[in-house]
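Enquirer: So the sequence lines, in the order shown, correspond to chains V and G.
If you're matching positions, the first sequence starts at 262 in our numbering and goes up one per residue.
If you're matching positions, the second sequence starts at 3 in our numbering and goes up one per residue.
The reader is advised that the hints may include incorrect statements.
[To be verified] In the EDC-like style, the derived pairs of lysine to aspartate or glutamate whose C-alpha atoms are separated by at most 20 angstroms in a straight line are:
#	chain 1	residue 1	chain 2	residue 2
1	V	Lys-376	V	Asp-563
2	G	Lys-95	V	Glu-338
3	V	Lys-434	V	Asp-508
4	G	Lys-184	V	Asp-508
5	V	Lys-552	G	Asp-142
6	G	Lys-4	G	Glu-256
7	G	Lys-321	V	Glu-624
8	V	Lys-552	G	Asp-120
9	G	Lys-318	G	Asp-17
Worth flagging that the hints you see were computed from the coordinates, not collected in a lab.
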Amino acid sequence: MNFLSEHRFSRRSWLAGMAAMAGGLARGNTPSDKQLLLIWLDGGLSQLESWDPKPGTRFGGPFRSIPTSVTGIRYSEMLPLTARHADKIAVVRNMSTQDNSHSAGVARIQRGDPKNRGVDYPYLNVAAGRWLGPKAAGMPASMVIKPGNGGFLVSETGFLGARHASLALGDGKPPPLLDRSADITAAEDDARLSLRDTLDRIGAKARGSSLAVANSETYRLAETLRSRRDLFDPSRLDAKSVERYGDWDLGRHILQARGLLEAGVRIVKVISYGWDSHGDHFNGSMSLMPKLDRPLSALLEDLSARGMLDHVLVVVFSEFGRTPRINGHLGRDHWPEAWSVAMAGAGIIPGQAVGETTADGVEVKGQAFDIGHMFHTWFAALGVSTSAVHYEQNGQPLPLAHEGTHAVRALLRRPPEHAK
Amino acid sequence: MKTAVFKGLKPLNLDSQMACLASRGDLLAAGGFDGVARLFRLESRELKEAGTCSGLSGWVTCLACGEGGLVAGADSQGNAMAWRGGKPLWSRKALSPTWLRKAATSPDGATLALAGRDGTLRLLAMDSGATRAELPIGDDLMALAWSRDGKKLAVGGLRGGVTIVGAGGAKQASFEVPGFFKVVRLQEVGGIRVLEWGPGDSVLAAAGAEPVTGGFVEAIPKVVLLAPGGKVLHESKLGTEKDGFALAGAWHPEGWLALVVSGQPGSGKLHQVDPGTGKPAGSLAVVNPHGLALGGADLAFVLTTNANSSGNGRVKDDKGGYRANHSVLSGITIS
Chain V
262 MNFLSEHRFS
272 RRSWLAGMAA
282 MAGGLARGNT
292 PSDKQLLLIW
302 LDGGLSQLES
312 WDPKPGTRFG
322 GPFRSIPTSV
332 TGIRYSEMLP
342 LTARHADKIA
352 VVRNMSTQDN
362 SHSAGVARIQ
372 RGDPKNRGVD
382 YPYLNVAAGR
392 WLGPKAAGMP
402 ASMVIKPGNG
412 GFLVSETGFL
422 GARHASLALG
432 DGKPPPLLDR
442 SADITAAEDD
452 ARLSLRDTLD
462 RIGAKARGSS
472 LAVANSETYR
482 LAETLRSRRD
492 LFDPSRLDAK
502 SVERYGDWDL
512 GRHILQARGL
522 LEAGVRIVKV
532 ISYGWDSHGD
542 HFNGSMSLMP
552 KLDRPLSALL
562 EDLSARGMLD
572 HVLVVVFSEF
582 GRTPRINGHL
592 GRDHWPEAWS
602 VAMAGAGIIP
612 GQAVGETTAD
622 GVEVKGQAFD
632 IGHMFHTWFA
642 ALGVSTSAVH
652 YEQNGQPLPL
662 AHEGTHAVRA
672 LLRRPPEHAK
Chain G
3 MKTAVFKGLK
13 PLNLDSQMAC
23 LASRGDLLAA
33 GGFDGVARLF
43 RLESRELKEA
53 GTCSGLSGWV
63 TCLACGEGGL
73 VAGADSQGNA
83 MAWRGGKPLW
93 SRKALSPTWL
103 RKAATSPDGA
113 TLALAGRDGT
123 LRLLAMDSGA
133 TRAELPIGDD
143 LMALAWSRDG
153 KKLAVGGLRG
163 GVTIVGAGGA
173 KQASFEVPGF
183 FKVVRLQEVG
193 GIRVLEWGPG
203 DSVLAAAGAE
213 PVTGGFVEAI
223 PKVVLLAPGG
233 KVLHESKLGT
243 EKDGFALAGA
253 WHPEGWLALV
263 VSGQPGSGKL
273 HQVDPGTGKP
283 AGSLAVVNPH
293 GLALGGADLA
303 FVLTTNANSS
313 GNGRVKDDKG
323 GYRANHSVLS
333 GITIS
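Take the sequences, apply the hints, and build the full model.
Expert: In structure tokens, the structure reads:
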């Protein structure tokens, strides 16, 4: 089956097919209940002020480390609430990746591309959506919550094409123009949708454009979303929960993401901007880190209490870490050489810190992991075998995750055979 | 007002990065990222190393010099300490639960004022460390200054508030100075970073920056000259958003305000601010300045970070190792 063909089929039949296939791919040959929540801190979270503190060293900065709920594992004092949930978290401290610019790093980390494979791979949320499909009938496979504008994020889809694009809720609000105009009846709307589908099919045949397919499916998706607009309306968030998660965009968006997962959205990515702290970094950390700490700890508490950590994989990551060296603007610059990601749930072994860095945080000590290792690991946690399935692009098989890397055995309760 | 002519002297390279600078008479003290303060004596217009003060943790974020070689300081982990001749005199562990940012000695040298992120002003006996008064003010307190007559203090915060407190620790007044604070996405940016009482305590200089962005942090350095009651006398921007924050200041004996501003790595200036207009009358480019101390009427010392301090990814030193930055203490003549 060529997933990149312009063959047109109804969204429902396509979704059903994908779900069935993904179910077959999942362990146990049962429809997968796995879900994914990505928290993307755009700009680059400092490993030294979060998961891998080095107090008292020349690059350690002004802050302390604090004990966590796991004996022997310490986080930065910037994460006091999350530290209470370290028993639910696995931190990988030996990340060493390739790009020290945003322009390359943002895409390559999210595409799982440790070396440029010469192919425009889909972002993790799109790729996971492609393999797992929708979880609940009518709900989209993948959604994004981000500050600013919403819409379909076509640029994330790579060679999979626009119809796999995640729907982004700008500032957590419902998609624009979601509601049917009061000027037309439901019957008239149906007729318009039918006409649009017909024209899109003709257009897709003529132009070979996956955008036409995506356009048509957008309108179908809107039908579903209208009936669940409570999920997409930040004004309907429970006030007590908003207080627990934090009344700022990252807090509200993580809370909203929890609701989307509960409603059956398979994959949610929450994007937060403003982490590129080249200047006044330490004052910035004192302002920024609590805005992550509170909602992340509330999320872990809630997912755990609701039994959702059994099947929801949570990943907190960025395009790189930040330099140990402190610049003349009291900032930290871009550092892909030795940094950290954190994850929880869905068969990730919690309560550990995998890998380590040198005492001053400059180098990875021992084995280093690139983003390809994480993609193998995360797909394995989601029940998708990176050795058994592959993409096809115009007849050419393409691996889900880079062949030069492997799943990290130490992170997985049920590691695949290729894990090391 | 006569326009000052600044001229740099041979800089002194320090062995690590420093967070703050304080002086009294011929004594200078610089607080390090390594929890150690370095002492220097000014002899024949040259700085001579005069020992170290150990015992603090994290960064030594603020220092204040008293009489007879007494130096007090505090750190980013809430500890405070004093030394005489480099030997510990007293120590207050965990005086604050968090970052203590500013220290200032009363003009008579008897009282140490400390303020920081927990929003509390603390007054301590300089010679014993005993608490004399505590005043919860709120906000993240980033600037602190005793009046010249020693009867009051001004305390400034992240959100642009100034509180006037009596020498005994009683609140007298508070007012807002607009333009020093902004919320950019998740980040609260800005703050009044400098407060300095001018001649006769008739003017209070408040300086910091007008924030433009978070993250990268771009901010336009700014100074506001205030009457003691908070009325704005003059307000002036001291550059562009690349120039960042006014981080340290001192009134020159001839009645003008010296300010250092530091922004994007490699930028930075020492300004002579005209008290009649609030605008710079003269300036000297100085790379990455963070601290300032005057050594009489004809000498200033500026604490800076070395040039070429930034860079993404691995920046190697000449031996192929990972290069650390360091501070530089530069003397500048004023004529």
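Enquirer: Each hint should be assessed against the structure and marked as holding or not.
Expert: Consistency of the hints with the structure:
Taken as a hint, the Lys-376 of chain V and Asp-563 of chain V pair is broken in the structure, with Cα atoms around 37 angstroms apart against an allowance of 20 angstroms. Between Lys-95 of chain G and Glu-338 of chain V the alpha-carbon distance is near 17 angstroms, which keeps this suggested pair within the 20 angstroms criterion. About 15 angstroms separates the Cα atoms of Lys-434 of chain V and Asp-508 of chain V, which keeps this hinted pair within 20 angstroms; it holds. Restraint check for Lys-184 of chain G and Asp-508 of chain V: the C-alpha separation of about 17 angstroms stays at or below 20 angstroms, so the hint holds.
Pair hint Lys-552 of chain V plus Asp-142 of chain G holds up; C-alpha atoms about 16 angstroms apart against a cutoff of 20 angstroms. Simply put, Lys-4 of chain G and Glu-256 of chain G have alpha-carbon atoms about 9 angstroms apart, close enough for the 20 angstroms limit, and the pair holds. With a C-alpha separation of about 16 angstroms, the suggested pairing of Lys-321 of chain G with Glu-624 of chain V holds against the 20 angstroms cut-off. Distance restraint check for Lys-552 of chain V and Asp-120 of chain G: the Cα-Cα separation of roughly 18 angstroms lies within the 20 angstroms cut-off, and the hinted pair is therefore satisfied.
Restraint check: the Cα-Cα separation between Lys-318 of chain G and Asp-17 of chain G comes to about 17 angstroms, which is no more than 20 angstroms; the hinted pair holds.
Hint 1 alone, counting from the list given before, is not met by this structure.
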